[in-house]
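Peer 1: In case you want the letters, here they are:
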Amino acid sequence: MGRFILGRLAATLPVMGVVAVIVFLLLRLAPGDPAAILAGDAATPEQIAAIRARLGLDQPMLEQFATWIWRLVHGDLGTSIISNQPVGRLILDRIEPTLALATSTILFAVLVAVPLGVLAAWRHGTWVDRAVMGLSVAGFSVPVFVLGYLLIFGFSMQLRWLPVQGYVSIADGLWPFLSRLILPTLTLSVIYIALIARTTRSSVLEVLGEDYIRTARAKGVTEARVLRRHALRNAAIPVISVIGLGIALLISGVVVTESVFNLPGLGRLTVDAVLARDYPVIQGVILLFSALYVLVNLSIDLSYLLFDPRIRY
Amino acid sequence: MGKVVGKSVGSGWPATLGLLAALAGTAPALAQGKPVTIRAVMHSGLRITDPIITTAYIARNHGYMIYDTLFATDAAFKVQPQMVQDYSVSDDTLTYSFTLREGLKFHDGAPVKSEDCIASIQRWGKRDGMGQKLMEYTASLDVVDDRTFKLVLKRPYGLVLASLGKPSANVPFIMPKRIAETPADRNVPEEIGSGPFKFVKGEFQPGLKVVYEKNADYVPRKEAPSWLAGAKTVKVDRVEWINITDYQTAVNALINGEIDYVEQPPHDFLPILKGASGINLVNFNTLGMSGMLRMNWLNPPFDNAKVRQAVLLAVNQQDYLDAQIGDPDYMVPCLALFICKTPNATEAGAPKPDLAKAKQLLKEGGYDGKPVVIMQPTDLAISASLGPVTAQALRKIGMTVDLQAMDWQTLVGRRAKQDPVSQGGWNIFHTFWVNADLLNPVNNVGVNGRGKAGGWFGWAEDAEIEALRNAYALETDPAKQVDIARQTQERAYTIGMYFPTGQFTQPAAASAKLSGILEAPAPVFWNVEKK
Amino acid sequence: MSALDETARPLPANDPGVPRKRGRALPPMLRHPAVLAGLAVLLLVGLAALAAPWLWTGDPILLRPRLRLRPPSEAAWLGTDAFGRDVWSRVVYGARVSLAIGFAVSAVSVLVGLTIGLVAGYVRWLDAVVMRIMDGVMAIPSILLAIAMVTLSGAGIGTVIVAIAIPEVPRVARLVRGVVLSVRTEPYVEAAIGAGTRLPKLLVRHVLPNTIAPLIVQGTYVAASAILTEAILSFLGAGIPTEVPSWGNIMAEGRQAFQIAPWVILFPGLCVAATVLAVNVIGDGLRDALDPRTARGVGVR
Numbered sequence: 001m002g003r004f005i006l007g008r009l010a011a012t013l014p015v016m017g018v019v020a021v022i023v024f025l026l027l028r029l030a031p032g033d034p035a036a037i038l039a040g041d042a043a044t045p046e047q048i049a050a051i052r053a054r055l056g057l058d059q060p061m062l063e064q065f066a067t068w069i070w071r072l073v074h075g076d077l078g079t080s081i082i083s084n085q086p087v088g089r090l091i092l093d094r095i096e097p098t099l100a101l102a103t104s105t106i107l108f109a110v111l112v113a114v115p116l117g118v119l120a121a122w123r124h125g126t127w128v129d130r131a132v133m134g135l136s137v138a139g140f141s142v143p144v145f146v147l148g149y150l151l152i153f154g155f156s157m158q159l160r161w162l163p164v165q166g167y168v169s170i171a172d173g174l175w176p177f178l179s180r181l182i183l184p185t186l187t188l189s190v191i192y193i194a195l196i197a198r199t200t201r202s203s204v205l206e207v208l209g210e211d212y213i214r215t216a217r218a219k220g221v222t223e224a225r226v227l228r229r230h231a232l233r234n235a236a237i238p239v240i241s242v243i244g245l246g247i248a249l250l251i252s253g254v255v256v257t258e259s260v261f262n263l264p265g266l267g268r269l270t271v272d273a274v275l276a277r278d279y280p281v282i283q284g285v286i287l288l289f290s291a292l293y294v295l296v297n298l299s300i301d302l303s304y305l306l307f308d309p310r311i312r313y
Numbered sequence: 001m002g003k004v005v006g007k008s009v010g011s012g013w014p015a016t017l018g019l020l021a022a023l024a025g026t027a028p029a030l031a032q033g034k035p036v037t038i039r040a041v042m043h044s045g046l047r048i049t050d051p052i053i054t055t056a057y058i059a060r061n062h063g064y065m066i067y068d069t070l071f072a073t074d075a076a077f078k079v080q081p082q083m084v085q086d087y088s089v090s091d092d093t094l095t096y097s098f099t100l101r102e103g104l105k106f107h108d109g110a111p112v113k114s115e116d117c118i119a120s121i122q123r124w125g126k127r128d129g130m131g132q133k134l135m136e137y138t139a140s141l142d143v144v145d146d147r148t149f150k151l152v153l154k155r156p157y158g159l160v161l162a163s164l165g166k167p168s169a170n171v172p173f174i175m176p177k178r179i180a181e182t183p184a185d186r187n188v189p190e191e192i193g194s195g196p197f198k199f200v201k202g203e204f205q206p207g208l209k210v211v212y213e214k215n216a217d218y219v220p221r222k223e224a225p226s227w228l229a230g231a232k233t234v235k236v237d238r239v240e241w242i243n244i245t246d247y248q249t250a251v252n253a254l255i256n257g258e259i260d261y262v263e264q265p266p267h268d269f270l271p272i273l274k275g276a277s278g279i280n281l282v283n284f285n286t287l288g289m290s291g292m293l294r295m296n297w298l299n300p301p302f303d304n305a306k307v308r309q310a311v312l313l314a315v316n317q318q319d320y321l322d323a324q325i326g327d328p329d330y331m332v333p334c335l336a337l338f339i340c341k342t343p344n345a346t347e348a349g350a351p352k353p354d355l356a357k358a359k360q361l362l363k364e365g366g367y368d369g370k371p372v373v374i375m376q377p378t379d380l381a382i383s384a385s386l387g388p389v390t391a392q393a394l395r396k397i398g399m400t401v402d403l404q405a406m407d408w409q410t411l412v413g414r415r416a417k418q419d420p421v422s423q424g425g426w427n428i429f430h431t432f433w434v435n436a437d438l439l440n441p442v443n444n445v446g447v448n449g450r451g452k453a454g455g456w457f458g459w460a461e462d463a464e465i466e467a468l469r470n471a472y473a474l475e476t477d478p479a480k481q482v483d484i485a486r487q488t489q490e491r492a493y494t495i496g497m498y499f500p501t502g503q504f505t506q507p508a509a510a511s512a513k514l515s516g517i518l519e520a521p522a523p524v525f526w527n528v529e530k531k
Numbered sequence: 001m002s003a004l005d006e007t008a009r010p011l012p013a014n015d016p017g018v019p020r021k022r023g024r025a026l027p028p029m030l031r032h033p034a035v036l037a038g039l040a041v042l043l044l045v046g047l048a049a050l051a052a053p054w055l056w057t058g059d060p061i062l063l064r065p066r067l068r069l070r071p072p073s074e075a076a077w078l079g080t081d082a083f084g085r086d087v088w089s090r091v092v093y094g095a096r097v098s099l100a101i102g103f104a105v106s107a108v109s110v111l112v113g114l115t116i117g118l119v120a121g122y123v124r125w126l127d128a129v130v131m132r133i134m135d136g137v138m139a140i141p142s143i144l145l146a147i148a149m150v151t152l153s154g155a156g157i158g159t160v161i162v163a164i165a166i167p168e169v170p171r172v173a174r175l176v177r178g179v180v181l182s183v184r185t186e187p188y189v190e191a192a193i194g195a196g197t198r199l200p201k202l203l204v205r206h207v208l209p210n211t212i213a214p215l216i217v218q219g220t221y222v223a224a225s226a227i228l229t230e231a232i233l234s235f236l237g238a239g240i241p242t243e244v245p246s247w248g249n250i251m252a253e254g255r256q257a258f259q260i261a262p263w264v265i266l267f268p269g270l271c272v273a274a275t276v277l278a279v280n281v282i283g284d285g286l287r288d289a290l291d292p293r294t295a296r297g298v299g300v301r
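Heads up: the protein sequence lines correspond to chains A, B and C, in order. Residue 1 is where the first sequence starts when you use full-length UniProt numbering, and the numbers rise one by one after that. Residue 1 is where the second sequence starts when you use full-length UniProt numbering, and the numbers rise one by one after that. Residue 1 is where the third sequence starts when you use full-length UniProt numbering, and the numbers rise one by one after that.
Keep in mind the hints are simulated off the structure, nothing from the lab. Treat the hints with care, as some may be off.
What the hints assert, rightly or not - From the structure, some residues in chain B lie toward chain A, with a derived Cβ separation under 7 Å:
(1) T182
(2) D185
(3) E203
(4) I244
(5) T245
(6) T249
(7) N252
(8) A253
(9) N256
(10) V412
(11) A416
It should be emphasised that the depicted structure is a prediction, and the values quoted were computed from it without experimental measurement. Think of the CB as a built atom: it goes at the ideal place given N, C-alpha and C, for glycine as much as any other residue.
Make the full structure from the sequences, and use the hints.
Peer 2: Structure, rendered in structure tokens:
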């Protein structure tokens, strides 16, 4: 099994290599010029050319790529073109709010969605099921930013219960931290809840149709026990895997949610960097997000070992 | 105390404790309270901290926080000494001698010396348009003693003080010599000035948050503050600039009391802000701002003067103002290129909408029906609304328009391209300026006629207008300057250098807890009190 | 960002690989009232899009700056936006653009993904390379990829369609490849290979029928999420040109006036929600009808 884990880890390397190439090509082949942005409103073409040369942007593309990879391998993500700060430091500065938001969203979504999904499957075909499924489809149908505005309008502006925006580190107090995280978490988790609830429902339904459940029921095992012992445990795998796949969805949502609620996280860092053509920052953050995605999915694959005794590698 | 502050880098508790300790050391009265902090949302995030290498207004505003200037412009457009105590001009108007005020100190504790001022002027003179002109006419800049230095001109030049007291980007801010020796295309390595606020480096998050603290060593002038001149007395402990990109969120946060100040709330939000309790709208920049429609002289059809004139006759300033501002209280219809209600204001040569004549000129200009590329920056609300209005006006006279949406930074990159449209070039873009940057033929880049050799984007080329601009720069008689400005404007309109899409004012929104916000062409935080 | 990824997982190897008869699957689905309602909504929106010029609309891009942000009235049924454009006209014409984007994105991603998946599933030596590239594309957050592509290559409907479609391709490709791999091992397919059936025929006969059902379902989810993604791209300032009326565009431009002129964002918002809901419901209905596993689940209680 150790060899299996090592093998899987090694398999992530080519994937990250592909990501690096795609991101680099995408940025360099596209128009837009960080030098012109740096030079500002009254710049002359000569000034812009001088800045381009200083940033090394006039080098052949292959050479720029090699330089970037060489530094990357040595743990150096490069330096922001615009703000002159190391990309590593920029990421560290911004990672906390994003982590907090992502974690709270996953926790909240799982806590709400799994029971809902089980309930819907258990009461399959009844109004409970239809309500849960109806709501979950509706969850996919509202643009994230509209939902965010509505929540701010209701809870912050009308009721005045929660702050509109911002982020306070948990080190500065639990309530200030939580109160600013509630609305973004709600906004972001709606789509996630919908996704997990649906998956839970369908996989529990599937399990409930299996022969061993029928056998258990026929043996007189109580419904609650059937659900807990057999259905939930066996339905866990698809649910866990959808959580992993949902990481991509979550990251996309984070970008929008962070700008609606003014959270100083990685999503905003990336959008800002794209708009400013800050190549090293875009490359660094996308690479980080991709690595995160790959690692989460890897650990989910590994967690199957725990949940499903039938899977042996 | 310096030591304590030095430790208070980083964020969270250690910083707050450090700051409290620091305050306890200097101001016992404040020791039991929290530091008085203004939280402000500025129009953009600060990323480049060097106000000399960029003309970005946010960098200029940052400059006014931490740096000081030799001269400054007051509310009557007069240039007043600021760091300078006395100055004298020789009878032949060739030699200017400046003496600094006593007790000026940089944030690192070093006194401000003549050599610092000279190095700073020289660096600025490499970047700024007016600075380049001043350097062109300067024979030498010499240290006389630590507090006195001399500027010797090659020939009489009317704009020496106006250049040094220039209110807007790029402002000749004074930095320590070692920092001013940074190459003029590279960001300064340290943010150290002698201004009323200090930059808190440990809390700086580019594009997100900038923190300033009161410079306790700053000695304000005795005169009352007026515009950017006079006393710069700081009345709070800290100013934090927070960048909130979504204005909906910023305005809501202000109403909810989470922040104290929003520099540029879009005009559509003003009714909400007017209706909210505890919020004041403060029109600090009474001189206002202006929009600009700029055509590219290098590419057809606008390489033809007749087509450019056709555009000037097709557009209607009121349409732009209605779309951009909406509320008549904040718009100032004005066709004076050098800004209404200022010394050089005139409507001479201004076009009146005339569609029939526009169509005729278009025909004479040989327009072939090829689509005209208008670049529209959708992420910059104030410029975004101009493109569609121009598009509609051009369609009305029979032009084909390709209105291309992009973000502002793409536009900035693309407008620098002199290539044909088929190779990534462009035909029209819109931008806006703080009116302080448009006041005369020398500093208004829209009437720069140097073409590809040192001209501004669009590369208008005209020898006659360059002659007028030089004449303006060399003229020392204000009355004659006004006349040259009039001629410049007439010429600029005739050859279609740009169209002013109208002046407007942009009030800031401030919590009622703030008082003493000064009128100035840039948002400044001295003199502001917070209850 | 395909919202409903559960259908996108490659089918497990023990999945019944026997081709299903397609024709029989649809009618029971139509008996479901929710699916019927979804089809009705979609039909209505589609008809409105086709008949846009005759639905009492004006020029959707005509600016009337002096009439900006007027509330709904007889002259402008849904009010006007910040440029004084008629919101009703824009919403109706917007249906064309938004539906076209949903359809085009799902068509592009399904076709490209199908091709890649078939090739990867059959050509062994290409499989590893192609699938690593697919993994790489999948690992990049789709919104960031789309923003980068649109801002970097210029905003146009075509660019937006490609930018939204590309991140969806790997999911389709994986799905198809999974089917191909499982079908390959079926005895009747091995028999066919042994009998010398040529590749194209093999694909058409045995693989396509097995992929069509899940692809249709996947296609509806892609279409629904594309309409939403287009709105998000516009919100982030990386959408289609602002003059072109799309629901996303109208909302993104109107969000500034959300509190003073809610009608600008409300009506396109309702349209997006209703349409996406309808497409999702239809997708669910299709899946239930086409997937025997959930159908078995129904029989349990």
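Peer 1: With reference to the structure, classify each hint as holding or not holding.
Peer 2: Okay, the hints, checked on the actual structure:
1. Checking T182(B) against chain A by beta carbon gives a least distance of about 12 Å; that is not within 7 Å, so the hint is violated.
2. Hint on D185(B) holds. Least Cβ distance to chain A is approximately 6 Å, under the 7 Å limit.
3. For E203(B), the interface hint is violated, the least distance from its beta-carbon to any beta-carbon of chain A being 11 Å, above 7 Å.
4. Contact between I244(B) and chain A, as hinted, is supported at the beta carbon level, the nearest pair being about 5 Å apart and thus within 7 Å.
5. A cut of 7 Å between beta carbons decides the hint on T245(B): the least distance to chain A is about 6 Å, and the hint holds.
6. With its C-beta approaching chain A no nearer than about 5 Å, T249(B) sits inside the 7 Å limit, and its interface hint holds.
7. Taking 7 Å as the C-beta contact cut-off toward chain A, the hint placing N252(B) at the interface holds, the least distance being around 4 Å.
8. Among the interface hints, the one on A253(B) holds; its C-beta lies about 4 Å from the nearest C-beta in chain A, closer than the 7 Å criterion.
9. With 7 Å as the threshold, the beta carbon of N256(B) comes within range of chain A, its nearest partner Cβ sitting at about 5 Å, so the hint holds.
10. Of the supplied interface hints, the one on V412(B) holds, with its beta-carbon coming within about 5 Å of a beta-carbon of chain A, less than 7 Å.
11. For A416(B), the suggested interface contact is upheld, since its CB lies about 4 Å from the closest CB of chain A, less than 7 Å.
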